[in-house]
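Position chains H, B and L relative to chain P; hints supplied.
Chains as they are written, first to last, in this note's numbering: chain P, 25 to 116; chain H, 25 to 116; chain B, 1060 to 1203; chain L, 1060 to 1203.
Derived from the structure by calculation, the hints contain no laboratory data. Owing to the predicted nature of the structure, the values given are computational and were not obtained by experimental measurement. Possibly wrong hints are sitting among the right ones.
What the hints assert, rightly or not - The calculated lysine to any residue pairs, modelled on SDA-like cross-linking and capped at a C-alpha distance of 25 Å, are:
id, chain 1, residue 1, chain 2, residue 2
1, P, K43, B, K1131
2, P, K43, P, V81
3, P, K43, B, G1116
4, L, K1131, H, Y94
5, H, K43, H, A66
6, B, K1131, L, R1098
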Amino acid sequence: MAFLLGAILNGILSIMLVKVLFFASLRERLGVGQVMLDTHEAISVQEVWQRSSGENVLPVNVLIAVNHTYSDAAALVQPGDEVAFFPPVTGG
Amino acid sequence: MAFLLGAILNGILSIMLVKVLFFASLRERLGVGQVMLDTHEAISVQEVWQRSSGENVLPVNVLIAVNHTYSDAAALVQPGDEVAFFPPVTGG
Amino acid sequence: MIELREMPFDPWQYLAERQVSQGVEARSGAAAIFVGTMRDFNEGDSVQEMYLEHYPGMTEHQLETLAASALKEWSLDDVLIVHRIGRIIPTQPIVLVAVWSAHRAEAFDACRHLMESLKHSAPFWKRETLVDNSVRWVASNTPG
Amino acid sequence: MIELREMPFDPWQYLAERQVSQGVEARSGAAAIFVGTMRDFNEGDSVQEMYLEHYPGMTEHQLETLAASALKEWSLDDVLIVHRIGRIIPTQPIVLVAVWSAHRAEAFDACRHLMESLKHSAPFWKRETLVDNSVRWVASNTPG
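Isolated chain P (complex conformation) (with noise of 0.2 Å):
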């Protein structure tokens, strides 16, 4: 019974969070992979990014994603949302 009631808590908890994930060289220049942000509300890419990296400026070759799809600064990221910031890409 305690052990239903944390998970139903940390879905709860989980849906009021914004996953924030770094990768490759942007990752190792922030010290950071991933930020849990807390927000009740929608809130811009650009200020995610702001709350999570600590820089007020999203450098323009910065790549964005919200769940797994490209998107940009202007675009509005709701509770519960994963968001990712990554370096131009340079796979095959």
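The following block gives chains H, B and L in isolation, referenced to the frame of chain P:
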């Protein structure tokens, strides 16, 4: 000795011949795959066609090769050369 | 089909086995393939190994999106994308893109477009280890 | 390298074995491949088999000329052309064109150009046997 003489004569004779080849549907239409033309001097591909196929007009879609290299009806053929006529190629 | 592989693979052996099991080459008439292999030099330096980072979840999603987009744009029978992740050493294949179609122009167009799209949009990042053991991130892909 | 083959072959197995013996894929960084396979229909008819006639001497010479021309026009490490001759049945590969380069754009360009040139200029002629045992020559190749 007789064998050697024969080989030499054969060599001399083949130098005065133009070997003419027909391929694929053209060979089937003409009913002949190879003709040896006897000539002591250079003749045009057009003349090779007339003398080997028995037809006056070289069809426009017939391709021409002289000594394994693409050529045209005006080209001059020397005794000893190999001339081939064939339809559009359909490999690959 | 999309596959991320942690272990080395031989693209030709991979295709030979796949052909036996699926026979799509036989039905299609035309197959266009691209294989990218790790070289032992880059930007003038000798590279002894490479680590290929990806974004679990998004990388698969992005490759699936590219494949679905190619299947929509061209008349294709099948699309295959295999990409290495993790530690890679020189001479190992990194990427295999294969496209099957009834028409060779569509196979060529789709294969090339898939490779370019993958290079520009699939979330992979190369970190090179040079022969002096120094480490650097590859900043951007070479054009075309 | 140019090869005319009377017997069926698996292009992927062929490339896998060649890779082991030559290792050119490892050195090059980029490989672009085209494989053309016999389908069991053409121009709306079911085809049960095909005979591929060639011009011994000229066919090899023409393929060598195409390969040499590609090596001259693009920066390539190697070119491979394998083409079937003789009796072919549906699902069998007819042609394999493979190009290795340090640059993917050159590999793609050269591979495609080689296939188009081969289709337009290599002396091969296809004679089809339909399911009613009637025989016909393929009049011309499909574009692109």
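Consistency of the hints with the structure:
Distance check on the hinted pair: K43(P) and K1131(B) sit about 33 Å apart at the alpha-carbon level, beyond 25 Å; violated. For a cut-off of 25 Å, the pair hint linking K43(P) to V81(P) stands: about 20 Å separates their Cα positions. Of the pairs offered as hints, the one joining K43(P) and G1116(B) holds, with about 14 Å between alpha carbons and a cut-off of 25 Å not exceeded. In summary, the hint linking K1131(L) to Y94(H) is supported, as the alpha carbons are separated by about 20 Å, within the 25 Å threshold.
Between K43(H) and A66(H), the direct Cα distance comes to roughly 13 Å. Compliance with the 25 Å bound is thereby established for this hinted pair. The hinted pair formed by K1131(B) and R1098(L) meets the criterion: a straight-line CA distance of about 23 Å does not exceed 25 Å.
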